[in-house]
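K.L.:
Chain by chain, the residues:
2 protein chains.
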Amino acid sequence: MKASQFLISTQKEAPADAEVASHRLMMRAGMIKKLGAGIYTYMPMGLRVIRKVEAIVREEMNRAGAVECTMPVVQPAELWQETGRFDKMGPELLRIQDRHQRDFVIQPTSEEVVTDIARQELRSYKQLPRNLYQIQTKFRDERRPRFGLMRGREFIMKDAYSFDRDAASAQRSYERMSQAYRAIFDRFGLRYRAVAADSGAIGGDLSEEFQVIAHTGEDAIVYCPDSDYAANMEKAEALAPAGPRSAAAEAMQKVATPGKSTCADVAALLGLPLDRTVKSLVLATDETDERGEVLRSQVWLLLVRGDHDMNEIKVGKVPGLDAGFRFATVPEIIEHFGTKPGYLGPIGLKKPVRIVADREVALMADWVCGANEEDFHLRGVNWGRDLPEPHAVADLRNVVEGDLSPDGRGRLAIERGIEVGHVFYLGTKYSKPMNATFLDEDGKPKPFEMGCYGIGITRLPAAAIEQNHDERGIVWPDAIAPFTVVVCPIGMDRSAEVRAAAEQLHDELAAAGVDVMLDDRGERPGAMFADWELIGVPHRVVLSDRGLKEGQVEYQHRRDKEPTRMPLAEVAGFLRGRLAA
Amino acid sequence: MKASQFLISTQKEAPADAEVASHRLMMRAGMIKKLGAGIYTYMPMGLRVIRKVEAIVREEMNRAGAVECTMPVVQPAELWQETGRFDKMGPELLRIQDRHQRDFVIQPTSEEVVTDIARQELRSYKQLPRNLYQIQTKFRDERRPRFGLMRGREFIMKDAYSFDRDAASAQRSYERMSQAYRAIFDRFGLRYRAVAADSGAIGGDLSEEFQVIAHTGEDAIVYCPDSDYAANMEKAEALAPAGPRSAAAEAMQKVATPGKSTCADVAALLGLPLDRTVKSLVLATDETDERGEVLRSQVWLLLVRGDHDMNEIKVGKVPGLDAGFRFATVPEIIEHFGTKPGYLGPIGLKKPVRIVADREVALMADWVCGANEEDFHLRGVNWGRDLPEPHAVADLRNVVEGDLSPDGRGRLAIERGIEVGHVFYLGTKYSKPMNATFLDEDGKPKPFEMGCYGIGITRLPAAAIEQNHDERGIVWPDAIAPFTVVVCPIGMDRSAEVRAAAEQLHDELAAAGVDVMLDDRGERPGAMFADWELIGVPHRVVLSDRGLKEGQVEYQHRRDKEPTRMPLAEVAGFLRGRLAA
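Line by line, the protein sequences give chains A and B. Quick note on numbering: the first sequence equals residues 0 to 580 in numbering that gives the first Met the number 0. Quick note on numbering: the second sequence equals residues 0 to 580 in numbering that gives the first Met the number 0.
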């Protein structure tokens, strides 16, 4: 490819709304162009990256036995009503009416459509297992689209769906996808982790996120440097500390803490470490009748250590809270605790409350909590002596660096990541409501056991940039670079020798299947180099009159500090060897 | 590819709403699956065809110097308001509101978006010419979607847009695309014609349709078997017959033609050939003031020969009618002709009317027309003697078989076609209203000269089937077949020898880059053959125990009546040779 025949549109400045590096750099490198909030044209330079991502995904999906199809972008509402998602999904689901006032949606995913295909096409267990995927435009009407392709409204996703006759077979299909995802992410050339994720109501361990490591990532990834344990924050279990509980050393006393309503303020006032304090969270559950009228409510008090953070997903697994909970209202809190939030605690309640202690809190001694009286706390509190043992003990909190790894093989570390892939065992979540069944060997209809498997095709380049950039621009891994090699001739318009050498090198590399760009625009060296460093082409060869007199060119990898001189005659072979590696 | 790893879902019956062969066969072959009216999932078998079409289009577009990008499916209304299309386009334009009640459209084409890109990215004449294209999902909310992929609502289109600094350069860009389209359609392996089409108000000859020949096609294609002349019906010029007009032989006389209001009925009654009669069409034009109020109207009488059809596009080019016309109302007709439609003619008018004669009519002698009196016609009518020469003579009619070719090199023939591609010179139709300018060499801003170039990616397979099918199913050309070769082993589950030979042949062909399918489903021969004949794979090799005992296999092209026996050892080489040809 020659630059004069391509559309290169680098910009000096990024738009003001570009908050993250990938957004800024993709805009400046002319890879994307904003059309509306969260809606981008993939410009030629950006589309080349996307197509390379697609090709890798497609190859590995096919290798894993998945079969590609393409489902419509505009989907009739009827199917979405069968699963209830048409009503349940919020305004993220873009709804349309056609000229006959029939309801449609723009697909955000395609579970309904693929399940509809399966219930028509896969009639016998003999046709199973089966995995159908597509690489197709999706739309989610995000309330606040931002970060360029990272959280856009229109995007391209690879979504795959597996259909199996039973849970054991579904698990094998899941494993096959999980392995295919490792192959895909390995080929991208990015640092990533496959992390265990929460699989929601279905249970089991069949949910993994594929996170590209980047310190700007929105997600915390928990891992153990001494083992292969990795999970997201919701899934990472905080083990119970090695018991037993320390003996009580202090007497309980009420202390004045005027205006100090946070654990940090109270600890500072009392001169105690934060990990001696206990935070209170008040929740409520409602028992309803058939019509949804509330019959009675139960108030809950959840306790975690002052330096820990409550994790809502974990809270939602506590027996009694697992059917749904809400925050307690202020009137409910006053009714049960006798005071407003800020000074709450488990002692001196006005009405009974179910108390759940985090595993860590359950083993604490001499701790501090609110006194259920404004401007007062209690210190020296001890379980069993000052209050009964909690009704339940559970893992309620986010893990922190240094916690024991759940696999018992070291201590946890935390880094940040960007979720680009997700493999998920669905069970019969869609097949049952849609009555999607096949005839099993015994002649009886059974619902499909399903899995779904996504990769954010247009998010991946953004994640790659978050991980790989410097002050000059993007640094693409070879596998997904828009061009792998750029040939930069200096003074091509003045020197026939430079022109001939540059064109010959370009043609030789192109003939060898290298994705090479020849910059024949006639830009000055500084501007030319700046463009390609911004765009992030990993390998650069510079040809100049002076160098060619000695038969030399300059090679520089995008990460190299300095160029390396080498003979013109050798550079093509050198590049081929380096790219094959 | 092995059939057991693919999704083959052939059907015995086509749905009742499948009216045309391509729709029936794509449904029966499991290539598409209906999701809603005019909305289809491209199933794995169909998607393979679409991907091959895309690949050919992409290669040739790139070769012609066009650069690929991808514009959003969901587009903000603002740009569409700039050109007025948001209001002017009818309900075919699918309109949506997002969660913030902002207006969007689902793209039916992308002129507005690409022009917006150009006005931002192409600032100097040095960046021109430029051609941007995409292969992307489109939506047109057809009132009556039908014929499967032929007239769907959601479809894939390749749309390209060229930007040039002046009309001469734009013409070269147009020619380059026109040539690229020939290369593309040649590669599809279909019989097609590039036909001149009407370029509307812009004038000039820069509009061509690419029509796949099929007797079920909706469009009439006019061509000259003795030259390369080809045009669509609107564009094909009906030349003036070689003059001069014959001398009058009859006296004009009024004849009773009770109840005979059509030319055919009158000709039969009078025992004259239909080409001696003349049809009348009454139109009107309105002169309006600035507010659109009608100041005065002009009534027109257009005359074509009784056996000819009026062409509305041609009528719209007659001076005086080219700013817009309408059909005259019955009161206007009575006011000017003194009678109701059915017996109208140019003689004995009550009020003046502008008379335009078709070129053919202008040279007729002794003709028949209405007498402007119910149940009466005139015969033996002659220009100059019975009425003045017409105010104007013009080409008003559709050409018919046997007309002189406009290039003077033979006589015209007519066949039917399906429009799959269109190249069109737009001029400044979009750049002017959108103020899309570049700085020319003289430092002044000028609007881009544009062209647009479409190919119906998902319509092409349907057109290919209309052209190539028989009672057993589809017959794909090699280039776009879902699989090029199918290997059909008989009794693979019983015979290790058959299995081994089939797998080896499959692997050998696959390694040579042949797109080969091995049917390892274990179907009985009849069902297996019927499936592949329905699906339309062009080359089939059958392996059986009996044949292999003699080292023989059977080869059959989808169009062959009988199989050809050949040695197993030679079939791979034979196929490679045949496919390379």
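Don't read these hints as lab results, they were simulated from the structure. Every residue, glycine too, gets a C-beta built ideally from N, C-alpha and C. Careful: at least some of the hints might be erroneous.
[Unchecked claim] So the derived label-pair ranges between C-beta atoms look like this:
| id | chain 1 | residue 1 | chain 2 | residue 2 | range |
| --- | --- | --- | --- | --- | --- |
| 1 | B | Asp441 | A | Lys1 | 25 to 35 Å |
| 2 | A | Glu561 | B | Ala54 | 39 to 49 Å |
| 3 | A | Lys1 | B | Ala495 | 30 to 40 Å |
K.L.:
Evaluate each hint against the coordinates.
P.N.:
Going down the list of hints, with the structure as the test:
no.: 1; hint: B:Asp441 to A:Lys1: 25 to 35 Å; result: 28 Å, holds
no.: 2; hint: A:Glu561 to B:Ala54: 39 to 49 Å; result: 42 Å, holds
no.: 3; hint: A:Lys1 to B:Ala495: 30 to 40 Å; result: 55 Å, violated
Of the numbered hints listed earlier, the single one contradicted by the structure is hint 3.
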